[in-house]
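Asker: One-letter residues, chain by chain:
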Amino acid sequence: MLKAHFKDLKKKVKSVFNSMPMLYEIEGKQLFKENKIPTPLFKAYTDSSSIIQFAEEIGSDVMMAKAQALTGKRGKAGLIRKVSSAEAEEYIQSILGRDHGGKPVEIVMLEQPLEIEKEYYLAVMLDNESGKYLIIASSRGGVDIEEVAENYPDEIFKQYLPTAVEPFSYMFVDLGKKLGFEAKTLTSFTNIMTKMVNMAKNRDLTLVEINPLILTPDKKIIAADSKVVIDGNSDYRQVDIAAFKSQRARHTDLEFEADQAGISYVQLDGEIGIISGGAGLAMATCDILEFLGSSPANFLDVGGGADETKIEKSLEILSRQDIKGIFVNFFAGITRCDDVAQGIINASKVFEIKVPIVIRLVGTNDKEGIQILENNGIKAYGEMEPAARKIIELVQGGN
Amino acid sequence: MLKAHFKDLKKKVKSVFNSMPMLYEIEGKQLFKENKIPTPLFKAYTDSSSIIQFAEEIGSDVMMAKAQALTGKRGKAGLIRKVSSAEAEEYIQSILGRDHGGKPVEIVMLEQPLEIEKEYYLAVMLDNESGKYLIIASSRGGVDIEEVAENYPDEIFKQYLPTAVEPFSYMFVDLGKKLGFEAKTLTSFTNIMTKMVNMAKNRDLTLVEINPLILTPDKKIIAADSKVVIDGNSDYRQVDIAAFKSQRARHTDLEFEADQAGISYVQLDGEIGIISGGAGLAMATCDILEFLGSSPANFLDVGGGADETKIEKSLEILSRQDIKGIFVNFFAGITRCDDVAQGIINASKVFEIKVPIVIRLVGTNDKEGIQILENNGIKAYGEMEPAARKIIELVQGGN
Amino acid sequence: MAILLDENIKVIVQGITGKQGTFHAKSMIEYGTKVVAGVTPGKGGKEHLGVPVFDSMKEAVEATQATASVIFIPARFTYSAALEAIDAGIDLLTVITEGVPVQDSARIRQKALDNDVVMVGPNCPGLISPEASKIGIIPGKICSKGNVGIVSRSGTLTYEIIQNLTVDNLGQSTCVGLGGDPIKGIGFNECLTMFENDPQTKQIILVGEIGGTGEQQAADLVKKEITKPVYAFIAGQTAPPGKQMGHAGAIVHGKSGTAKEKMRILSEAGITTVKTSSEIPLKIKENL
Amino acid sequence: MAILLDENIKVIVQGITGKQGTFHAKSMIEYGTKVVAGVTPGKGGKEHLGVPVFDSMKEAVEATQATASVIFIPARFTYSAALEAIDAGIDLLTVITEGVPVQDSARIRQKALDNDVVMVGPNCPGLISPEASKIGIIPGKICSKGNVGIVSRSGTLTYEIIQNLTVDNLGQSTCVGLGGDPIKGIGFNECLTMFENDPQTKQIILVGEIGGTGEQQAADLVKKEITKPVYAFIAGQTAPPGKQMGHAGAIVHGKSGTAKEKMRILSEAGITTVKTSSEIPLKIKENL
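Residue numbers (the numbering used here), protein chains in the order written: chain A, 74 to 472; chain B, 74 to 472; chain C, 9 to 296; chain D, 9 to 296.
Everything labelled a hint here was simulated from the structure, so no lab data went into it.
Everything hinted at is true.
Listed below are the simulated DMTMM-like cross-link pairs for lysine to aspartate or glutamate, each with C-alpha atoms no more than 20 Å apart in a straight line:
1) C:Lys27 - A:Asp380
2) B:Lys257 - C:Glu67
3) C:Lys119 - C:Glu198
4) B:Lys146 - B:Asp172
5) D:Lys66 - A:Glu239
Go ahead and model the full structure; you've got the sequences and the hints to work with.
Answerer: Encoded structure:
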């Protein structure tokens, strides 16, 4: 069953619209350190003096320099390299600012190189299907784990743990043995597992992935990498995590601004800007533009219960994007059509909307909303497809 | 049922030998503050400048000065008084060092006086019978609650809560209503309850008692007193609490020294010092001395699995007490008689034991223990009563 | 008959005195839902919208014998409110609130499972059995009574589909908005089974989205156990590939998260899939 | 017959490779207890005292089908060890460890109750059915087989009483040391009921202490349901009044905590109470 699903994973879609943001490796490792999960010594690069200091700290002239990025394949992109302290500065300067996955590298991490006896893969994720923590582990770590899952499905081990259960070392003895740990390394492993699950619980992490988890020749188990995904809904109670630099870096400036205003906004590269409410309808709005021969310039979901201000803000954000038209598409449930209409009118008073705009407004308080628009000389559509056709016609003219 | 049990509560014994130590009021209130349970403003008195500062802080010239003590009846003893800032210094100096319950007053707390609309009683205790948290509350607070329990048993409300359950405000709505809270005060109360239970759980408190809990004329609920009992077994994970000043103050110096060595030692006023293992046997050892016409000079339980060092330490402690004889009484289970014997021999080499000593040694490895004693010319008894008679005879001579 | 709710179901609104609670409780009452009580701690004893307000769910359930509750409470207090509803003995718990920490949702879900409570949501529009009762925020006027059952992961998109059906004289038995969060209460399969067993329901519409594996599991179930015709629409068909939940997510979910893949699997299970929501009524009418 | 343990019970020692674990496991084996396994994480696969050591209780139970475990583990790890034993499906859990945080004990106790596990301790000497099996640290050589059942809140004091009985040719059916901690597993009443139903037991001795209310509850039970003669000794008769658990403790326990009061209540229930432990054999012989 596993095998069947692993062909073309690289391009797998897991919604661009989710609120499950990733941390930088170095931020993940800060959380590891807080939770006493062993990591190599590490330090953020600040200037050349930090390199000298770090070399002293680790008692070695050789260190890893790792560009911090929210997308993978850093190794292949030449963004991770083992360097001597003499080479480090030049190498780091060469990668700082380099584009990776559409973002410039802004942070470089210095790390103690490790001697490796064996590499493991380890992940704790909050599993959507079961609603439990799912632990995934393999003794074939350090490589593309998805290929391992495809080629050696029997060497991928899984264990579920209810979220309400307090984790203890004994719960992970079986798993540790399957991975081949024994004696002292077995207890090290079960302790690390316990800490990982506790960290996930206490810090509202939806994924903690370590690949590779390293066994050193002197039988220490160390997390050599970190991939940590947080739960955006928990920002209010994980204020320090929400403030990590990666949380700003994962957005374009406009996206970040929208995010701060509680709006889900993703920049795309089409011609028509959209404003909608509800992820499903917003996606369907993008879809219908494509199907009808145009393209969305963005995904924008004001979220449930949006008020006038959010509508105004959405229009303001679109006004700063290079677009040919705006398609406002609401089927209001918890949001109210009069709020949407009022927001549009308010916005149009504050700044000029220079491109054609088509508004489709149905649902809660739609009569009131339509009335507000009509009072301002704007016609509202009742159905999505005719409205979509209209905005495309306005944008593309007679073509 | 309640009524039947409340006649002579003042002298109720709850084991002098327990490890459930109480905190000073001011320490309890520090915990309240940490847990956002509302208290009056308070401050520890340090010198006359602290009085001036505090008067400014509370914006009033009048304050409460409260001697800190581990025994009750402070009010009746004149150790609590409402004073002006001009009077405070003199009053505080008059009570500092004054004896209360066998201990000199060492700490005085300054506190903001409160306007009172109504007084309540509130307690969260870890209940031994049920193994659950037991909440006890009454709207007849501020007075002797045991009398309330006797005279108005229907106005004492109880609620049990399993220790594993996460407390939430909704669980305390019923209780709050029984106490007569409503509207805003109801939610204040349920919030306070939630915080109290969380505090008890997180800080290993076996009792949190507030009497009175005060409702002010402007409808604020405030903890005007605190009685907090901690769990000595949890000292290793509540290091800051274990370090509170009250934890030293509840012992005599000798008791404190014994406590630090893991020995349960309580000074009494009899003639024969005892060393025993197990609280039950140690108590029975005290009892038998009384029954046979003598008296114990102390209670001393070395605890389970005591080694030579603890025995040595016990003898050393007794050597500093004014006693006429020593009765060592062991029926060893997890402790080993050879360890006990060796400890006695070791001690006798380090310092002279000036009073008669009778040793009764039975149980695990008793042959080995008796052999060790015999090698040193000491005879061991096999039964408790003959041994007790012997030490009394040695101490009291031919009388 | 419909599923989950009929005209007799008694509903308590948690957070009834808040802005959203007030607005939507009113709309529910106007629709004919038996809203028998509201709960707002500290406001017990009052009346709001003509409905008695209680300080706790326990009191509200004891006083009204209601079996359902709907939560309009800010995200950070939703966990406690949901546990309170379950502790009070509710059978059907609908959580409208958006932005609930996923770990909270996981724990509510577990507690609901342990107590045989049907949980819908969070971050969902709720449910409606047209002309009988609605719980949540689905606009009542777009619905009409009939024999199409709808189960959807999307909120607003569902309204779209309901409206299209109503315009085309295809009434609905019950519409269930499951909610868009990764961890939620009941899913497609629970609803498919209920619709299969509901005499009123003759066709079933399933509205999915990219991400997750609920649609694939639904396909499995439909193949094996559902005899009524099923139609499906998946939102996000043109969405660009985005971030995934690490390799762990890939190991668990494989590539199954794309709209294209979902539609392929659903089609293979004999489900009629459509590209735009407006096609659904046409397809249903074709098959009638 | 005896209660709780007989010659067939298979026992796992948790913490077998530690100092205490080694010493007392050896003593249990020498006494004839079927110690079938030890558990020390990280030491699985070895042998210790001729017994296989496992990394986890789960493995040990699976390999040996043992139904009892005894814990010799430092206090701060006892909570986890106890939960592990319960999770592994043990029926009888004996916790010897002293100094366990009371909240931990409360939670272990709850979990034991939820899983129908008989928990003895913590801070207890364990149990022994003479000439059959012992679990814990009661010195075997002072015991002899017979028909006196003993249940005690004290450890060392119980040895005293056992020895007096043995010297006087009064053998024991089972001796249970409940432990001296405020919150513990089974209490007097569970044991009294088992002794009542045990054909081997003809007399029962109850050893109490000051504090708590277990003795009073025992008195109630004896009055109502125990037909066999019961003898009681309470330690701490001369103890000076000490600190109490605040007023809350007083409200719950009243003045019932003194030895004098306990003895009065026990006497009223028809129990023969004695002032010194050495009187017990005399009283039993009088009544034979």
